[in-house]
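Novice: In case you want the letters, here they are:
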Amino acid sequence: MTPEEPSFGANPSFFDLVRNLGVDPLGRAAAAGGEPLAPLPPHGTTVVALQFAEGVIMAGDRRAVEGYAIADSRMDKVFPADEHSVVGIAGVAGQALDLVRLFQTELEHYEKVEGDALSLEGKANRLAQLIRSSLPMVMQGLVVVPIYGGFDLRKGQGRIFRYDAIGGRYEEIDYNATGSGSRDAKASLKKRWRAGMARQDGVEAAVESLLDASEADTATGGPDPVRGIYPSVHIVTADGVEEVPADETRLAFEAVLARREGSS
Amino acid sequence: MPMPFYVAPEQMMKDRSDYARKGIARGKPVIAMEYADGILFIADNPSTHLYKISEIYDRIAFAAVGKYSEFENLRIAGVRLADVRGYSYDREDVTAKSLANAYSQGLATIFTQEMKPYEVEILVAQVGERPEDNELFHILYDGSVTDEDGFVVMGGEAEALADRLKSGYRQGMDLSDAAKVGVESLWPQDGERLDPSRLEVAVLDRTRPRRKFLRLPDEELGRILQG
Chain X
3 MTPEEPSFGA NPSFFDLVRN LGVDPLGRAA AAGGEPLAPL PPHGTTVVAL
53 QFAEGVIMAG DRRAVEGYAI ADSRMDKVFP ADEHSVVGIA GVAGQALDLV
103 RLFQTELEHY EKVEGDALSL EGKANRLAQL IRSSLPMVMQ GLVVVPIYGG
153 FDLRKGQGRI FRYDAIGGRY EEIDYNATGS GSRDAKASLK KRWRAGMARQ
203 DGVEAAVESL LDASEADTAT GGPDPVRGIY PSVHIVTADG VEEVPADETR
253 LAFEAVLARR EGSS
Chain D
13 MPMPFYVAPE QMMKDRSDYA RKGIARGKPV IAMEYADGIL FIADNPSTHL
63 YKISEIYDRI AFAAVGKYSE FENLRIAGVR LADVRGYSYD REDVTAKSLA
113 NAYSQGLATI FTQEMKPYEV EILVAQVGER PEDNELFHIL YDGSVTDEDG
163 FVVMGGEAEA LADRLKSGYR QGMDLSDAAK VGVESLWPQD GERLDPSRLE
213 VAVLDRTRPR RKFLRLPDEE LGRILQG
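Taken in sequence, the protein lines are chains X and D. Under the numbering used here, think of the first position of the first sequence as 3, with each following residue one higher. Under the numbering used here, think of the first position of the second sequence as 13, with each following residue one higher.
Just so you know, these hints were derived from the structure itself, not from any lab. Just so you know, nobody snuck in bad clues.
A few chain D residues facing chain X, derived, Cβ under 8 Å:
no.	residue
1	E67
2	I88
3	Y99
From a predicted model like this one, the values you see are computed outputs, not experimental measurements. Glycine included, every Cβ here is placed at the ideal spot set by N, Cα and C.
Produce the entire structure from the sequences given, and follow the hints as far as they go.
Specialist: Have a look at this one:
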């Protein structure tokens, strides 16, 4: 499972590099001792990703929970992985944030050592391997399930990959979600998503799916107009990653509400 | 086993220096110069894929002349050092100074202990928040390091080139003026003018987001030289 340091050529993997230095970034050694717990599904968060006309939209709620308490209501769960892809996380927050940081460094390190960025397919595979490398933590119940989306510059299209807890990688051609509210979010997107949606429609569909998830899942935070907390939304197109401004997200949310008022 | 001939240490160091210098002077030059928004790098490099100027980290770039296999080795070592440090501490904690120190130590060891010294000269440059915070570390084949101001010239007929550059260089030039002065000084004074597509050009631009390093493709360079 662990690729050996090749004896010929420079290994462009940052993960291999830090491991050879004796750092254990994903807690591979953690499984020693103790009864393994059954892997739990991610117990917080909803992150959705969907295709739209120009690429991929990814949006996440802002709530972090500790048991029944809300630990944080402004947490970001969607991050740029590099200039043309974003990664959203669900699961144990500490482990998930570490995975994101490692993945970001991994991609940049490869790009600098090789002089070229990895293909999107290569990045998605690498993320799967990083998840699989944290299997001992998964067996301890510390599960992270990311979702990955990016613009494939070679194919000229947006692509979405979803993962399972042990590193299975599945490509989605329309939309998907991860986290405890993902079922509700997917049900919502099932009704609203259309191939080739425009940006505004796509952002509204994403925001509405998070709203639907927050209404059914305690661990998913809804928009909070009073304190100005809205989902974090990122868009990836051929031009790169863009964080959607809070104002645009707010307008999308208001449009969703207006439609609901009109129909009830 | 036959006794090796005695060679005085002074002679040995001199021989090694001469060897390294000759190798470096055979190569084509690279210049780096500070301009209003950052640091501009120009290399005479016919290859479009084998670079002499590269990104090391957010604010730090690497430029080298001499033997490709040797400076490529040093470049990758620098990327590794920077990425490990930034991951272990914070991105802000990766500095050109610590990289320059590491290169200096490494090259000094190679110079004295290996069969042959590295035939390279390298530059580690860091763009600062303000022009006066820029850092240019020029490191030689034997590990000696100098902290430079304004511009640095390496490789080729470096001294003649530096004289030409000095006459045109002014502090705080904009990118277009700096590029003109730089490209002009690279062109030989007599003989034919170089084809600009032979030039490898990059900047560390402080106005860019996190990663300040940017390669300027030929079309972009053409536009800048016109402007």
